[in-house]
Amino acid sequence: MKFAWLLNGTMEAHHLAAAYIVVWLIQGGYAVWIAWQWIHTRRTTPPLPSTALKQTQDF
Amino acid sequence: MDLPSQRARVVEFKPLGLAWFGLSLAVIVYATRQGLFVAPTEATMGNVARILYYHVPTAMLSLIFPYLNFAASLAYLYLRRRDPLKALTADAVAIASAEVTVVYASLCLLTGMLWGKVAWGIWWTWDARLTSMLLLWLLYVSYLMLRKLSATGQVHTLAAVLSVFAAVDVPIVYMSIRWWRTQHPAPVFFGGPDSGLDKSMLPAFTWNLVAWAMWGIFLLGYRYALERRRQAAEQDAALLAIEATLEIAQ
Numbered sequence: 001m002k003f004a005w006l007l008n009g010t011m012e013a014h015h016l017a018a019a020y021i022v023v024w025l026i027q028g029g030y031a032v033w034i035a036w037q038w039i040h041t042r043r044t045t046p047p048l049p050s051t052a053l054k055q056t057q058d059f
Numbered sequence: 060m061d062l063p064s065q066r067a068r069v070v071e072f073k074p075l076g077l078a079w080f081g082l083s084l085a086v087i088v089y090a091t092r093q094g095l096f097v098a099p100t101e102a103t104m105g106n107v108a109r110i111l112y113y114h115v116p117t118a119m120l121s122l123i124f125p126y127l128n129f130a131a132s133l134a135y136l137y138l139r140r141r142d143p144l145k146a147l148t149a150d151a152v153a154i155a156s157a158e159v160t161v162v163y164a165s166l167c168l169l170t171g172m173l174w175g176k177v178a179w180g181i182w183w184t185w186d187a188r189l190t191s192m193l194l195l196w197l198l199y200v201s202y203l204m205l206r207k208l209s210a211t212g213q214v215h216t217l218a219a220v221l222s223v224f225a226a227v228d229v230p231i232v233y234m235s236i237r238w239w240r241t242q243h244p245a246p247v248f249f250g251g252p253d254s255g256l257d258k259s260m261l262p263a264f265t266w267n268l269v270a271w272a273m274w275g276i277f278l279l280g281y282r283y284a285l286e287r288r289r290q291a292a293e294q295d296a297a298l299l300a301i302e303a304t305l306e307i308a309q
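Going down the list, the sequences are from chains A and B. Going by the numbering used here, the first residue of the first sequence is number 1, and it counts up by one from there. Going by the numbering used here, the first residue of the second sequence is number 60, and it counts up by one from there.
Fair warning: there could be bad hints in the mix.
[As the list claims (entries may be wrong)] In silico contact screen, one side only, chain A against chain B (beta carbon under 7 Å); selected entries:
#1 Met11
#2 Glu12
#3 Ala19
#4 Val23
#5 Ile26
#6 Tyr30
#7 Ile34
#8 Gln37
#9 Trp38
#10 Thr41
[Stated by the list, open to error] Computed Cβ-Cβ distance ranges for the label pairs, DEER-style:
#11 B:Pro99 <-> A:Leu25: 22 to 32 Å
#12 A:Thr10 <-> B:Gln242: 21 to 31 Å
#13 A:Arg42 <-> B:Met234: 42 to 52 Å
#14 B:Leu84 <-> A:Thr41: 17 to 27 Å
#15 B:Val269 <-> A:Arg42: 35 to 45 Å
#16 A:His14 <-> B:Lys258: 27 to 37 Å
#17 A:Arg42 <-> B:Ala102: 54 to 64 Å
#18 A:Ile39 <-> B:Pro244: 42 to 52 Å
#19 B:Leu261 <-> A:Ile26: 21 to 31 Å
#20 A:Gly9 <-> B:Glu293: 49 to 59 Å
#21 B:Val214 <-> A:Met11: 43 to 53 Å
Hints in this document: simulated from the structure, not taken from any laboratory. The structure presented is a predicted model; accordingly, all values stated were derived computationally and were not measured. From the three backbone atoms N, C-alpha and C, an ideal C-beta is built for every residue, glycine too.
If we strip away everything but chain B, and leave its shape as in the complex, we get (with noise of 0.2 Å):
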């Protein structure tokens, strides 16, 4: 048996992913800088909306992350018996895309409430859009409380059961204010006839959207290497077991 080719890959954070690093904060800088200074100030709003600049591109890419963990997630369920090395990697991108998820979903929420007390005056309300939001946050946040707390050998299992079920959600969220009549602002994008953002607003919109997609794109990047890095630790720890007991057998 070849055991080093057995072992879970580590991936190293090599110089891409330095590079990627500093791209992503030069953009996120200059995305900032967009939406705080050289975007014009809002007619009804004033300069609150600017908030949105931060709320809606972390809205969009909490509700692209759970996908990412719904594909990883049917790909260890499909791979688990198959191909058990292929299955630690799935699993590593799924607790990658969790957390991530978890982040930007927080941080939806946060800055919404932050322009919600402003614009409506009431930080918080149930209409459809919220509560889909808020239950997003609380499926992910049990994903990562089941992988964190669970002490049966089957908790990556449960775990990628748990978010094909959570994944159920992203279309809500979307569909949400479509579908009800909500507290939350109409849609923009696609919305209809008189829906869209003004051209003035567009760079500053499109800048932070990329912006924090590269920074998500990172921070995924980054989780998984470090999640490779405890698989093979651990099985670097099953090794040294292995050894000690084949000694005290010899």
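Isolated chain A (complex conformation) (with noise of 0.2 Å):
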């Protein structure tokens, strides 16, 4: 069977499965972190500062 070396209870089997395990959660990890932290960062978008005076006349 093809995952047979894979499951086996070796030292080699287990840390060879262990790293690419990590690298897929470190890396998986990692670009979830910046959704969150996209998802998490709002836009709000102001209007424009009233550049005109406000005017008042004084009769």
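With the hints in hand, could you dock these two chains into one complex?
Written as structure tokens, this is what we have:
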């Protein structure tokens, strides 16, 4: 079976599996962290500041 | 003053980004299959040598991304007074590439330790390659900590200067196994007449190098877009504060 050597109980197999899993976890985890930060970085586009002076006339 | 054009341009996650993400994942799956099941078993190390199909590409890429950080930091230092908006772009590239460097350097160290425990019987040794690689990791972690924890207004400039010095370690890491006798194996690529990878292993290695390079580019672009979004959010907050101040003044 193709997976047999990967699933046997030797240190070699354990370390090989651990190495691949660690890579996927850290790479995937970083991508998820970026996605999380993206969702929580809110843009609040403000209206343009009013450049015209509010004028009041005194009669 | 035309305020909208003064704002940092937001980079949206476009269809190209999604397509690149999907393609990267597909190549990673194919490359992993190549490394785990298609490539032949190494004669002396056995199946544990398959770790190297992940370890070597991540190591190579961890020596490339620092130069992107170095170039972006130099650009920031040059542009910060001449063109602040372009300096923001350079700064976004710098932090994105620094974070990706830390990710790849971490994976290089971890996979190397997992391989080393089986091959050498030890998790770690203070030889030139491992020590210089650990130093690289520490330098870029300190760069990120400076960016995150510093309260001064000069944090971007300080980080850019640190980046210039950190990049000096990259050629030391690369050349360490050529300059000194090390526990780490001798160079396989460009190592001399007796070096080189068996042809039957080249496809697995090449596919994994391509896969993790594509993924690294995806992460870089994604993180850059996030940083630009954050810069725009900061500018929005600053404009809101100005607006509020103007209204109070009136």
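Range hint compliance [Cβ, Thr10 of chain A to Gln242 of chain B, 21 to 31 Å]: Given about 23 Å between the Cβ atoms, the range holds.
- prompt: Against chain B, with CB atoms and a cut of 7 Å, does the hint on Ile34 of chain A hold up?
  reply: holds (5 Å)
Range hint compliance [Cβ, Leu84 of chain B to Thr41 of chain A, 17 to 27 Å]: Taking Cβ atoms as reference, Leu84 of chain B and Thr41 of chain A lie about 24 Å apart, which means the hint holds.
- request: Take the C-beta atom of Ile39 of chain A and the C-beta atom of Pro244 of chain B, compute their distance, and say whether it sits inside 42 to 52 Å.
  value: holds (43 Å)
message: Quick check on the hint: Gln37 of chain A CB to chain B CB, less than 7 Å?
response: Hint on Gln37 of chain A: holds, closest Cβ of chain B at ~6 Å, below 7 Å.
message: Within 22 to 32 Å: is that where the Cβ-Cβ distance between Pro99 of chain B and Leu25 of chain A falls?
response: holds (28 Å)
- request: Look at the Cβ atoms of His14 of chain A and Lys258 of chain B and judge whether their distance stays inside 27 to 37 Å.
  value: About 30 Å separates the Cβ atoms of His14 of chain A and Lys258 of chain B, which means 27 to 37 Å holds.
task: Indicate whether the distance between the beta carbons of Gly9 of chain A and Glu293 of chain B respects the range 49 to 59 Å.
output: holds (53 Å)
task: Using Cβ atoms only, decide whether Trp38 of chain A comes closer than 7 Å to chain B, and label the hint accordingly.
output: holds (5 Å)
Cβ separation of Arg42 of chain A and Ala102 of chain B, checked against the hinted range 54 to 64 Å: Between Arg42 of chain A and Ala102 of chain B, where Cβ atoms are some 57 Å apart, the hint holds.
message: If I claimed the Cβ atoms of Val214 of chain B and Met11 of chain A lie 43 to 53 Å apart, would that claim hold in this structure?
response: holds (45 Å)
- prompt: Between Val269 of chain B and Arg42 of chain A, is the Cβ distance one that fits in 35 to 45 Å?
  reply: holds (36 Å)
In terms of the numbered hints stated before, the structure departs from none.
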